[in-house]
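J.: Residue numbers (our numbering), protein chains in the order written: chain U, 1285 to 1741; chain P, 1285 to 1741; chain B, 1285 to 1741; chain Z, 1285 to 1741.
Everything labelled a hint here was simulated from the structure, so no lab data went into it.
Computed from a prediction, not measured in an experiment: that's the story for all the values here.
Careful, some of the hints might be misleading.
Covered stretches of chain P, going by a simulated chain U footprint (3 or more residues, C-beta under 8 Å) [to be verified]:
#: 1; segment: 1358-1366
#: 2; segment: 1568-1577
#: 3; segment: 1623-1633
#: 4; segment: 1636-1649
#: 5; segment: 1729-1737
Residues from chain P that face chain Z, not an exhaustive set, calculated with beta carbons under 8 Å [as the list claims (entries may be wrong)]:
#: 6; residue: Leu1534
#: 7; residue: Leu1562
#: 8; residue: Met1565
#: 9; residue: Ala1605
#: 10; residue: Phe1608
For glycine and all other residues, C-beta sits at the position ideal for the given N, C-alpha and C.
Protein chains: 4
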Amino acid sequence: PEQEEVECVNGELLGALLTDLSKLNNSRERASKLFQWLIHPIPAKSFFRDTWEKKPIFVQRKNLDYYMGLFSTKEFDFILREEDVQYGVNLDVTSYTNGKRETHNPPGRALPFTVWDFYESGCSLRMLNPQAFSSTVWNVLSILQEQFGSMAGANVYLTPPGTQGFAPHYDDIEAFVVQLEGKKHWRLFVCPTANFNEADIGKPILDVVVEAGDLLYFPRGFIHQGNCLPDAHSLHITISSFQKNSWGDLLQRLVPAALEIAMEEDVEFRRGLPLDYLTYMGVQNSDKEDPRRERFFSQIASLMKKLTNYAPVDAAVDQKARDFLHDCLPPVLSPDELASSVQGAPARWENGQVKDVDIHITTQTQVRVLRAGCARLCSDGNAVHLYYTTDNSRVYHKEELKSFEVKAEHTDAMEFLIHSYPNFVTVGSLPCDSVQEKIALAELLFEKGIIHSAEPL
Amino acid sequence: PEQEEVECVNGELLGALLTDLSKLNNSRERASKLFQWLIHPIPAKSFFRDTWEKKPIFVQRKNLDYYMGLFSTKEFDFILREEDVQYGVNLDVTSYTNGKRETHNPPGRALPFTVWDFYESGCSLRMLNPQAFSSTVWNVLSILQEQFGSMAGANVYLTPPGTQGFAPHYDDIEAFVVQLEGKKHWRLFVCPTANFNEADIGKPILDVVVEAGDLLYFPRGFIHQGNCLPDAHSLHITISSFQKNSWGDLLQRLVPAALEIAMEEDVEFRRGLPLDYLTYMGVQNSDKEDPRRERFFSQIASLMKKLTNYAPVDAAVDQKARDFLHDCLPPVLSPDELASSVQGAPARWENGQVKDVDIHITTQTQVRVLRAGCARLCSDGNAVHLYYTTDNSRVYHKEELKSFEVKAEHTDAMEFLIHSYPNFVTVGSLPCDSVQEKIALAELLFEKGIIHSAEPL
Amino acid sequence: PEQEEVECVNGELLGALLTDLSKLNNSRERASKLFQWLIHPIPAKSFFRDTWEKKPIFVQRKNLDYYMGLFSTKEFDFILREEDVQYGVNLDVTSYTNGKRETHNPPGRALPFTVWDFYESGCSLRMLNPQAFSSTVWNVLSILQEQFGSMAGANVYLTPPGTQGFAPHYDDIEAFVVQLEGKKHWRLFVCPTANFNEADIGKPILDVVVEAGDLLYFPRGFIHQGNCLPDAHSLHITISSFQKNSWGDLLQRLVPAALEIAMEEDVEFRRGLPLDYLTYMGVQNSDKEDPRRERFFSQIASLMKKLTNYAPVDAAVDQKARDFLHDCLPPVLSPDELASSVQGAPARWENGQVKDVDIHITTQTQVRVLRAGCARLCSDGNAVHLYYTTDNSRVYHKEELKSFEVKAEHTDAMEFLIHSYPNFVTVGSLPCDSVQEKIALAELLFEKGIIHSAEPL
Amino acid sequence: PEQEEVECVNGELLGALLTDLSKLNNSRERASKLFQWLIHPIPAKSFFRDTWEKKPIFVQRKNLDYYMGLFSTKEFDFILREEDVQYGVNLDVTSYTNGKRETHNPPGRALPFTVWDFYESGCSLRMLNPQAFSSTVWNVLSILQEQFGSMAGANVYLTPPGTQGFAPHYDDIEAFVVQLEGKKHWRLFVCPTANFNEADIGKPILDVVVEAGDLLYFPRGFIHQGNCLPDAHSLHITISSFQKNSWGDLLQRLVPAALEIAMEEDVEFRRGLPLDYLTYMGVQNSDKEDPRRERFFSQIASLMKKLTNYAPVDAAVDQKARDFLHDCLPPVLSPDELASSVQGAPARWENGQVKDVDIHITTQTQVRVLRAGCARLCSDGNAVHLYYTTDNSRVYHKEELKSFEVKAEHTDAMEFLIHSYPNFVTVGSLPCDSVQEKIALAELLFEKGIIHSAEPL
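This is chain U alone, in the form it adopts within the complex (with noise of 0.2 Å):
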């Protein structure tokens, strides 16, 4: 059933496998069908137990044309042409002669001549933030985000034949090497130690050549270097995710928060210090043997231990889930969702006057959120706030997050369209006390282009 699962994505164009995923009723199916394809013929569910986060793995297509429609040099040229790409911002020259890595940014804007000079004379390209130039790239990061439940980044590198890369060096994100256009050669070694030496790192554990319609997968901490051979250019773009994604990162948010609450409610995190601690206990004290050292650190770890029972795991999560929802792309919207959301509402100036301007919210109107993530319920302890991503920019962070304080008659009526995704409720059967409030919800939600109905309004 999975082997199934992976041939429907076989062998589909790009552009051909969006479209048909725009057809899918449900944001997270269309994640994992996306995803599928991404890392195919590796069936997911074997991809996410024996290599996620455990081992580089390296898929060789024999088909050059595997990831065509993704990304190309004539798409980047294009957006040279086309776009306010500015040096320093969205594109990084750089060189990496005799180890010595030296970057060219000029200031202002990156025309194609100059940035095509840099490249004759040997220079590499990286373009940041692809996303924000390319629709197919924000359509597969935006989907591939739902995947992830974590922030998917991208960037282009473009070298020149002949060239070497960068130093050897590990990143802290899972990172997906797409081969787009002619080959590179990589070399992957394991870490020996945090503050590693070139000379130190033995030999690679994998050393392939990567052809366009190739990925390579590896994990973060896998210390990585490529080149360019003499006979081919390269272009490849970097899908990552999972950049401070960690349990220990969410650790950081839950346990200080855990803290406080505890010396709030339970008087034994309150009491005292010993009045002699200091006298056993700190680094000039660490090598006596004293029965109070002992009592000491065992208090500690009760403590620690207690913490637990105070820790606030979903108001922490939370605090992440609003880090990921400001992170996120805002969705790329098929046609049928343009026409039934408040982006492609038909409301316009015509002939001197505004024309559809009146739609018309009925309790038999069906509605449901965009995207299965697209907003979520918190609650800092006072009101409840609805977060969402709607209004996000394809540029990182352009926008703060945005997000309106939920009345107490809307919120179980918010839940439950939440949870009811993928499914179109009717705005009737939102549990509000009045039909008012019930149509004023929905009226309010697909102005701000959270929901969309089932049928154009």
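Start from chain U and add chains P, B and Z according to the hints.
T.: Chains P, B and Z only, in chain U's frame:
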């Protein structure tokens, strides 16, 4: 002869006029012709002699189409649909009811549906920087800024029929109210005092209905109030200039610098105050008749008069010039200019490799700066820098003002290039010591988009 | 035996007691004896077992002179006359009338005339840091801080007859209210909730008139209110300690550090969160019954428990120790200590030249640190520093905490010195590699006022 | 007659002189007499006419005791022993060997032992604010500041025999080098340029050995260098004044304010710059011969000349006056002044209660301000404030400048009081509307220590 000049722009539609202007050899001529079109049929010469900064003027044309092509509500609607217009940043929604002004900007992107909904319920819309969205507005303002020698800005105001406008107020700019659609009733008053009271403003000195194709100009400080008529909406664009561009504004830069120099160079400024001056000067002694007060005042007068001798006028002008360069819109290039400059150079990616990146500037190449005022040499006493507008953004101050240090062996050539405008000069004629230097300077300026060549390279 | 210890301090006047204490060989013994005097006749051991941090206690002595010599209104008057006491900084003037508290501090220096004028008109006076002005208070607090292992602070309150005091409130310190003159009526209440309402506080658990010579102790969190009787003014000093000195305060330093280490050393903490955790965790999912929630919680619990293994307890204690060292009052030296330390070294200017500046420390010189806790070795992982209190100021945090890096060849000797206290050791016995190093270390410590010698040098 | 004035201070020792001065009725007379003592036998009148700010002068007295009592190394030693002198804040330890200056300040308090150890090893000692530690220096400077109408500061320099001093340099103050003990060899040079090179300074214009009792004065800008002789140490105090007290410094306050007013009141300053001024002004056009440049320069000159008409001279003087009041040392009160002012009022605590707090000011009470310049009325256009020095600190700027708003009904009386000095006036004669107001103002000023009475109250 003046009359003739006026005639020649009469009756042209804006699109055709801009095309014609792009063929003019000199950006300063373009600027004066476009300005003449704006205020037609008043001759520019008499306008600047009799009206500018002195009194309001109303040009009634009975020609609804005179300004056609500059901007329209249709284009406004299109911009909302296609561009990321943000409430509060690019668009303000306001109402003015019973003397109370309210702003209704929600957070996030201004979508047509919500914008037109506000409009239908009686709100006025103000687009804050139409030049960032409309290429025609950008083009017109970028030409006019050369006429003014000061930033040309614009706001667009769309008001539904039958609504009041803002409270009567005055601004600190020269304002050209260009009526684009519908009509608006304007009243202008003479400002009685700085902190005027609405009750004090007396009778209007002008009370007119401005219709599409008409122009209303008024200088800074004139109180104005507009309101819509019951039977028509109003769309106008206000083009403004000369903010903080007075002699006093220049003196604010000049006088402290003059004083600093005087204190370094003139011992009289370093001389100590009289030992006992605090006993006869100051507010508590201001009623005293004391010959020492007279002497004190006359010493102050003498020093202030002498200060003029130390005033670094050109350096202070350059400070203002740099501010203006930073405020400038980047030039809009004509097809010919594109073809002969780096902005439109044919370098590109094609068939897996870079094409046309080799551009050969020779001593025979004829070049000039792109616009009369697009680059300026300034000196801080030690080094000479070239400041230039060609890397500015359409969005106000989105980019820092760009500049680079001009090598000593290039300053004469740079000055020669600037002063030669509008003439093209051969690279070989640049006053540099060697052919290499001549080519190097020309290449540098070409790559930064500051010069273009007489023929495509 | 406990009884005996108590007896030995009974009846002594403070001046004589302090002289006796200065002859004691060990600063920790001094501290415990002085504390015993403070709470006499309650044995310290039972006080710390039964009362400290647990419940208020009232010691009625019927001995008006018990605390004589600690502070008096006479001394207060003398300080106003001789020292630069600033309103708002060193002295607060307040009134509390009909439930309304007012502060009356004018700007500037508090002169006797204006201060006594306020007092006569019914205002209360609070001196904020009597230790900066009174040598006896400084001495007492600097001794007691060794008993508490936490800063000992003090405020003096002088209230005219017949006035109300502050509104009932609670503090976050352990408070010893030492009645010096007159009497005051105190009522103590159990705190019902954190944000209590004056109406809720119920009946007092203690309702007493405290007279000169009496002591009232209450732990943090106990609501208290005092007021003067019609027939007597009141002067008391409140000695406080243990602010931010709880196990929880230590954990606030410890836990984030533990987490940082765990994330470096333990891959489980670096492991990514479940891909789909946002779909079942967070407030909007908190009502869901989902086995994945259980697993999530238990993983959190497991990691938090494991965190204890990485807790750098001694390093966190040292952070608190450094805070305490910074809070410490500098020691008050006895004549013998002065004569044997740099603070009282006889070097001086006499007859036009320097005398007695040659002090010879030899291997025979016997030295020890000036106080048990006046210096402390801490390590930040790379270097070892010695932090010391002897250059602290009597004014809270007026000086930065002083420290210097201890050379590797001196750390053992430094530790040896600290742990040898209260015994003197010869410089020759310091565990350094060479005689030069031994002498160099001793000279350095002597010059910084950290050690003194058994005999004057 | 001048000669007589000089005579009268000749030969007096400082202590006796200060006592005599304290009996003088007028603080300005005290100041001029003390200054006369400082420069004796040069008559002050001729000094200020011929020497002050113009040239150095050396007064050789052959009277080692002339300045006795002002400061001594003995007092320096005493201060180290008794006061909290901090290295780097109050005391700098420097050496100057082979042209290299080094600072040796350790952290913390400067104890006699370490200070004299530095001295013995050849270091120079500079006490930065002796007025904070020495009452005589405080008294002398607080008197001299009235003579200068500008802050009088001081540094003390103690140098061991045979040491070099600082590198030759110049300062921005008028310096009176008062030799107190030993001797020092000084050389003075004329400053060739602002950034002079030690090699360029040429021959000294003065080359003298200054001995105890001698005075060396030199104005700002004169290069000076001193060094000790092999056979004697040197102690001198440098009294300085007139830092930032030039006409130029006043103009820095005045000119921007004048410009602001001119721009509000004079339309010529608000008039726009010529449309095309950037094409002929600025550094890149500075070589052009263009009549428009002439017109531009002459318009600038005309406006700058006109600026004088708007210069708020008294207000600018008041800004400088406030700075001076903030810089002022508080006055040192004589026993008589203490007895007749709040600073020495007899209010006190005695036998358990307050005594002598009732001070009765009546309309018969004769009062005056404590010093000619201890209080000053300034207006900010809206309100009138009284600024006063009597709450200043001996430590530079330790306290904010104190002031309070003067009620409209008190301003005339306040002005009357200030201008009546040195005469006492009865409270009844104050020009207020009612007896109550007269008494209220007098009480307020008395409590703030600004006035005193002719007789103790």
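J.: Which earlier hints turn out false for this structure, listed by number in ascending order?
T.: 2
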